[in-house]
Amino acid sequence: MGHKTYGAATSAGALAFGLVLGFGAPAAAQDDGFTLGMMVGGNPCCEWMKSQGDVARALAEARGWNYMELSNNNDPATALRNAQILVQEGADAAIQFNGQPSSNPAIAQVMNAAGVPIVTYDIAQEGMYFVGIDNLGAGIAGGEGLGALVRDEWDCNPDLVVSAEGAAAGIVNEWRTGGMRTGLRNICPEIPDERWVSFESQGDAAVGLPAARDLLAAHPEAVRIAVVGLNDGGVLSLIQAAEQLGRADEVMGWGQDGAFITGDNVNPALKGSVFYFLESYAVNAIRDVIEPIAAGDAPPVRWEAGDPASQVQGCPVTAEEPATVPDMEERVRLLLEAPAGTTAYDLFCPNR
Amino acid sequence: MTITSAQPDRFEIWRERLSGSVASITITFIIVMAVGLLWVGPRFVSTSNIGIIGSFLVVPLIVGACAGFALLAGVVDLSIGSMVGFASALFAIQIAGGMDPWIAAPLTLLACVAMGAINALAIVHFGADAIAATLGMLTALRGMTWVITGIGGASGAIFAFHPGLFGMANSRVLGLPVLFLLAIVLSLIAAGVVTKTRLGRHVQAVGGDDKAAARAGIPVARVRTFALLLSAFGAGVAGIVFVAQLGSAARATGFGLEFQVYAALMIGGYSILRGGVGNPVGGMLGLLVVAGVSNIIELKAISPYYTNIIVGALLLGAVLLDRLRGGDPYE
Chain C
4 MGHKTYGAAT SAGALAFGLV LGFGAPAAAQ DDGFTLGMMV GGNPCCEWMK SQGDVARALA
64 EARGWNYMEL SNNNDPATAL RNAQILVQEG ADAAIQFNGQ PSSNPAIAQV MNAAGVPIVT
124 YDIAQEGMYF VGIDNLGAGI AGGEGLGALV RDEWDCNPDL VVSAEGAAAG IVNEWRTGGM
184 RTGLRNICPE IPDERWVSFE SQGDAAVGLP AARDLLAAHP EAVRIAVVGL NDGGVLSLIQ
244 AAEQLGRADE VMGWGQDGAF ITGDNVNPAL KGSVFYFLES YAVNAIRDVI EPIAAGDAPP
304 VRWEAGDPAS QVQGCPVTAE EPATVPDMEE RVRLLLEAPA GTTAYDLFCP NR
Chain L
100 MTITSAQPDR FEIWRERLSG SVASITITFI IVMAVGLLWV GPRFVSTSNI GIIGSFLVVP
160 LIVGACAGFA LLAGVVDLSI GSMVGFASAL FAIQIAGGMD PWIAAPLTLL ACVAMGAINA
220 LAIVHFGADA IAATLGMLTA LRGMTWVITG IGGASGAIFA FHPGLFGMAN SRVLGLPVLF
280 LLAIVLSLIA AGVVTKTRLG RHVQAVGGDD KAAARAGIPV ARVRTFALLL SAFGAGVAGI
340 VFVAQLGSAA RATGFGLEFQ VYAALMIGGY SILRGGVGNP VGGMLGLLVV AGVSNIIELK
400 AISPYYTNII VGALLLGAVL LDRLRGGDPY E
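Heads up: the protein sequence lines correspond to chains C and L, in order. Mapping to the working numbering: the first sequence position 132 is 135, numbers consecutive. Mapping to the working numbering: the second sequence position 173 is 272, numbers consecutive.
Hints were generated in silico from the structure; no laboratory data involved. Values in this document were obtained by computation on a predicted structure and should not be read as measured data. Glycine residues also receive a C-beta, built at the ideal position from the N, C-alpha and C atoms. Worth double-checking, as some hints may not be accurate.
Stated by the list, open to error - Below, a list of computed lysine to aspartate or glutamate pairs in the EDC-like style, where the Cα atoms sit at most 20 angstroms apart:
1. L:K399 with C:E64
2. L:K399 with C:D35
3. L:K399 with C:D95
4. L:K310 with L:D228
What the hints assert, rightly or not - Computed list of chain L residues with no C-beta within reach of chain C, every gap over 12 angstroms:
5. P159
6. F225
7. M243
8. G249
9. I257
10. S270
11. L298
12. G316
13. G353
14. G416
15. L419
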């Protein structure tokens, strides 16, 4: 008891000491030069989330700006705290990718109240500059790509069309998977409604695997299976489940984001994807929004996905085409060596 | 001669003082404060910065103060993170539907306590393993959260901004968030209950050795049921606070919170597998230490990817310290 009493008293004293010290202490900000704050998504799923920060850092430092990077840890409360920290630290502008956009209204309120302009990637929020892909357009393009294959190889008669959803991505998931279904219907309008099914992949090959297995088990008669999805990882979860069950001979998938369509080990059932070159978003954000702000000529806040501050171009590719596209690490290196304002689409899209 | 004989006594007193469970985390806390002050500068302890840290800490502090009772009683509750998510979704859907927060809040807490009662029934009355039972509850609650947030639409979130709640949740006294100060007070009250009351001694006794406690006439089942209900209640309150602070609930709310809270509680002197060990003040300081370290990394613009490495190292250090000060070896 003595130990605990002493400890409690000491800790309370230490806390009080700290707080007393804090009163009156200024929340000093970086005041030398332009400061760009970056809040990366922080989901450990994806290499591109880290690459978005790496590219933003390199571009900011090349311009002589201060750069401060925080991770949202894929958590809405952390994202809000990060916004508050950027305001406190005197950021002149900020960029975020927030995969948990439920906190976006609060973040917009914090940033707008402090007069700190903020760019958000891919998920639109009033009060934030929107930079991103045309998700619906990318979805339709991918669906039409897969539709052409389904028409040519199966005469538009698949046994099953599976949609690998990632509901946590919210409206982005709706746009991409819905767009892919629309694109596929554009090419093969006769596929009966009962053959369209979906499962929750959570956008991750490993995480979605059990649900994908369950779906295949529920459709034992399906042989020719077309797969669309939120992203390459989600599509792969169905393909890998089919491989585990020995049913992958006639599976054709078409993903989104291009994460698993390059390199030496591309799954042969992944027939295509749509490159977003997610690592390159900072080029658009800095070129079209942050640089004008730094120059004192802030553009109007175009926040709607249909009227973005900067549009990222999607790049649909078949599995054969990405052979010329380097992997993420090499792409980042080449991107940073390219002339200012050059995007990864400009450098690497085989169909540009 | 007198001097030399007095020195060992003084040394002994300090050795005993520094070997207490709360003393070691207090020292760690002071070190973090000192490092922050020296490295980051005065803004580390500015009211603005403490306010930011404090706002973020309200939820883990409430959860930690209440879940700590379950740990002390020897029944780890792994469902606390999912319970926060469930509570936030349930509360948010009611607010979004136009219900008065003062009605929605008790209904939410009632639902959470009911879930806690299921945990208690499984663990205390049917003898289920606490980890297995609460892991099941974790999964079930996560599923329920997804179902509820699905009602909110395709975004996977329920937007439930309530000006009165938001104002209350973000109000400040002397520059510090009121809720943070209340969460600190809650932790201190919990510490008082644990160290000064018969209930606290019973909780510790049950966690330390339930058979001995039963022989001493302590109602083991009742104490553990109380601890599990309190744990669920605390997570419910935290879920409500979350919605009040953010104006929304999402599918990811509370995801991984159990690890964040328990890591901090262990740094603060609790044990996951050994009941009867720990003090709410230690848990509170554990959370402050982890938050302080994260904040230093953020303010120094160090890559955020180092944060988990440092928190992990702190956790390993806490385990080592626990052994050095005479804690039981892992059994």
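I'd like to know which numbered hints this structure contradicts. Please list them from smallest to largest.
5, 8, 9 and 13
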